[in-house]
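Following the hints, complete the assembly by docking chain P onto the known chain R.
Chains R and P, in that order, give the protein sequences.
For what it's worth, our numbering labels the leading residue of the first sequence as 168, then goes sequentially.
For what it's worth, our numbering labels the leading residue of the second sequence as 113, then goes sequentially.
If you are wondering where the hints come from, they were derived from the structure by calculation, not from laboratory data.
Only true hints are included.
From chain R, some residues computed to sit far from chain P (all C-beta separations above 10 Å):
| hint | residue |
| --- | --- |
| 1 | Arg172 |
| 2 | Val175 |
| 3 | Gln313 |
| 4 | Asp317 |
| 5 | Ser319 |
Quick list of the computed label-pair ranges, beta carbon to beta carbon:
| hint | chain 1 | residue 1 | chain 2 | residue 2 | range |
| --- | --- | --- | --- | --- | --- |
| 6 | R | Thr171 | P | Arg310 | 51 to 57 Å |
| 7 | P | Arg624 | R | Asp317 | 14 to 20 Å |
| 8 | P | Ala497 | R | Asp317 | 47 to 53 Å |
| 9 | R | Asp317 | P | Glu494 | 52 to 58 Å |
| 10 | P | Pro189 | R | Val181 | 35 to 41 Å |
| 11 | R | Leu265 | P | Arg624 | 20 to 26 Å |
| 12 | P | Asp495 | R | His336 | 30 to 36 Å |
| 13 | R | Arg320 | P | Gly209 | 31 to 37 Å |
| 14 | R | Asp317 | P | Pro745 | 47 to 53 Å |
These stretches of chain P come out as covered by chain R in the derived footprint (C-beta under 8 Å, 3 or more residues):
| hint | region |
| --- | --- |
| 15 | 184–192 |
| 16 | 574–586 |
| 17 | 618–624 |
| 18 | 688–696 |
Even glycine gets a Cβ: it sits at the ideal position worked out from N, Cα and C.
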Amino acid sequence: MRSTRLPVLFVLLVVVALASWYYRSQRVTSNTETIAVYYTKLDGTSLSDVRVSLRPPLPGESAAEHRHNAVLYAAVEAVAGPPNGIAAIRFAPGTRVLGAAVDGSTATVDLSKEVAQQAGGTFGENGEFKALVYTVTGIAGIDAVQVTVDGSRLETLPGGHLELDQPLHRSDF
Amino acid sequence: MTNRFIARTSSTAATAALVLLATIPARADAPLVALYQGETIRFTHVAQNSGRLAIGVQDPGFAALLHNAGAWLTWKPGERYVLITTSVPAVISFALGDRRYDAGPIALQAAFAPYERGNEVYLPFDEVLGALGLALRQDGNVKVLQPQLAALDVRESDGRVTLAAHGGGPLHLRVVQQSAAAMTYAFDGVGTTLSGTRKIGAGGVRSVQISVSGTVSEPTTLVTVRLETGATAQAPQNNGDRDVALSFSAASSGPQAVAEESPTPEPAPPEDNAPSASSAATVTGVTTEPNADGATVTITVNGSAIYEWHRLRDPDNRFWVDIKNAQLAGPPIELSTSSPIVSVRARQTDPSTVRIALSLDGSKPIEVTPSVTGLTLQVGGEDVADAPRSGGGSLGSLISASGPNAASPVTPVTPVTPAPADTSSGDLASPDENNWKFGPRSGYVPTNPRLIVIDPGHGGSDVGTQHGGLREADLTLDMAKRLRDILIARGWQVKLTRESDVDVYAPNDSARDELQARVDVANNAGARLFVSIHANAYINSGPYGTTCYISKPDDVAFARSVETHLAADGTKDDGVIKSHLYVTYHTRMPAVLVETAFLTNPSDYALLASAQWRQKVAQEIADGIGEYARAYPVPNQPAQ
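Excised from the complex, chain R in its bound form:
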């Protein structure tokens, strides 16, 4: 009797394992979200966007961590900008997202120092940060973006005009 139960149990376990695998493998194809990644067009202010897919929360990923991960992803996408064939105002070459953090409804996005190597015009800084702020505040629960550069708050970019030492909102643009 015992000798017949074991194979049955083994088969059941295999079936459960395969069913579990099948469910997990299908999960991502039925529950996909997107993020709107904004970019500022060359008129200096109009926005357009491209959409990128965002995975849903993973097992063990809390809502807070998922929001942090979504903010990081959105910020990296915004700083990367749209594909090169699209005419858009872009961050200075080499600008990267070093990290992101979320405190309440404010996201902090830490940029590399290359961001300061913009040419010094309002055109660039306004367009860059408008796109970043619109993209990151598209994440549910985020309504402001504090920009830091290499871990520090800047009053403005060198020679710049945009006030960076306080969180930026969509209404700033």
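Only chain P this time, still in chain R's reference frame:
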């Protein structure tokens, strides 16, 4: 129509086998040495997982590979997401424990999920290489990281087919064969897994065949495009060194009679944000409907467009809205209606502008609301004393689509983040004052209503931008002095924040101290208006034009007056743009920061270098100040 050749290797049996293999613990492997674009890269953080290679994100060889491929990594120990930004640019998103990875709009499945060992995340190497447009190949005893023709998107539009090729390395294109029946292009130095033939049947293209020749180290990918009778091929267009577009037209849709050969791809056209004729919006209808509050005018627009509206003061109660880059479908429209609207007219005022004009029977308030289907004008029934006189924004679908390298999602996606509707407006902020951080107009009353403060941007230890021998600080001071002289001649009192090449606060001071010092000059003096003069710049020479930046509701009408006059300054009028700029944000009076022209653009540079042009700009700003002062007199003060 958008199709993409994508190599797929999924089958239920194979995937099940991979899943079973995934239960086998990953093990460390011997270092991997591979050639990439002539350089030897040694990968030491390599492991086997599910019978596939895994690469540690802290591997020095991996860092070298990303660097050489123009890509970079965003990841910190302890974080779940691992993001790779490629040279496209496109962001590839991996996450610990998730086989899914996202490449732009596409969600894909990796052979195994990224996993953690120690403090390092290991990624599925083949998928990373694929995202970078590379493939690991064996050439005898040598492993080669071979750049791939990673994608060949087929796009059809208006009887034309474009094949958009993207490479994991520079695409060196040759035309190796051309005839009326077929064109064959060679991409030297790249291999591909996209081999095969694809039937197209559009845009004069019968089919596309892809094959590979050469060696692993020196591959060539051949793309043969078979054409229908009379079809034409346009010259290939490069967009950066990794993207090439091949375009074809059916016999009836293109003027070319023969295929054009271009052994060397032509440079990409300069970036130009001007919408093409094909992307023009269409004004398809104008209707009016009375309601309890007055009347509603509905303007139906197919497509996206910028709009700008103006109105005249009582007693000339006319209002008009110009929809730019738009065509009026059908003949001009003229509607007779009842109070508060006397008439509505719509006509094509120039080849790219449709104007809808309203004649009103009084100084009625008008609320302009853009939407994805056009514009709605809600005309109130009660007269108002001081209605806004101008505004603008964007209408239509602002979600402009995927980029040239975007593919159809393998996985259906559903939007969860709403687009910002008209908040992503074009020039000037929404007329809805609730959208202003400062709230509605401040009611500021100057203590010195005859004083204008002019701020020559930069100076002293901060020269601003400089280009070709011109320094922004010098130009702004020159224009400020010219403006001062004109205003004084017209009876104004004028104060400059600086009279010479100095810092206003102190040499090498902080941005806040310096900018606040300029703001203080105006605020402490109780000035009526504040004008900050600058020269713009960008990281390339493309952008040009004059822009007026503002931050507060009080700035709108003033900036509009200045901008209206500057529109004739000889360069492009980029309108009025709202931003969080220090000097316009912290001044209490109406303020504008004028970016007169781009030092980084050759034609704008020539203007800035001209004393005659700088005088013209000063004159136009002065005219704008005068117009504003007449339109908005200070209470109990004579108009200037």
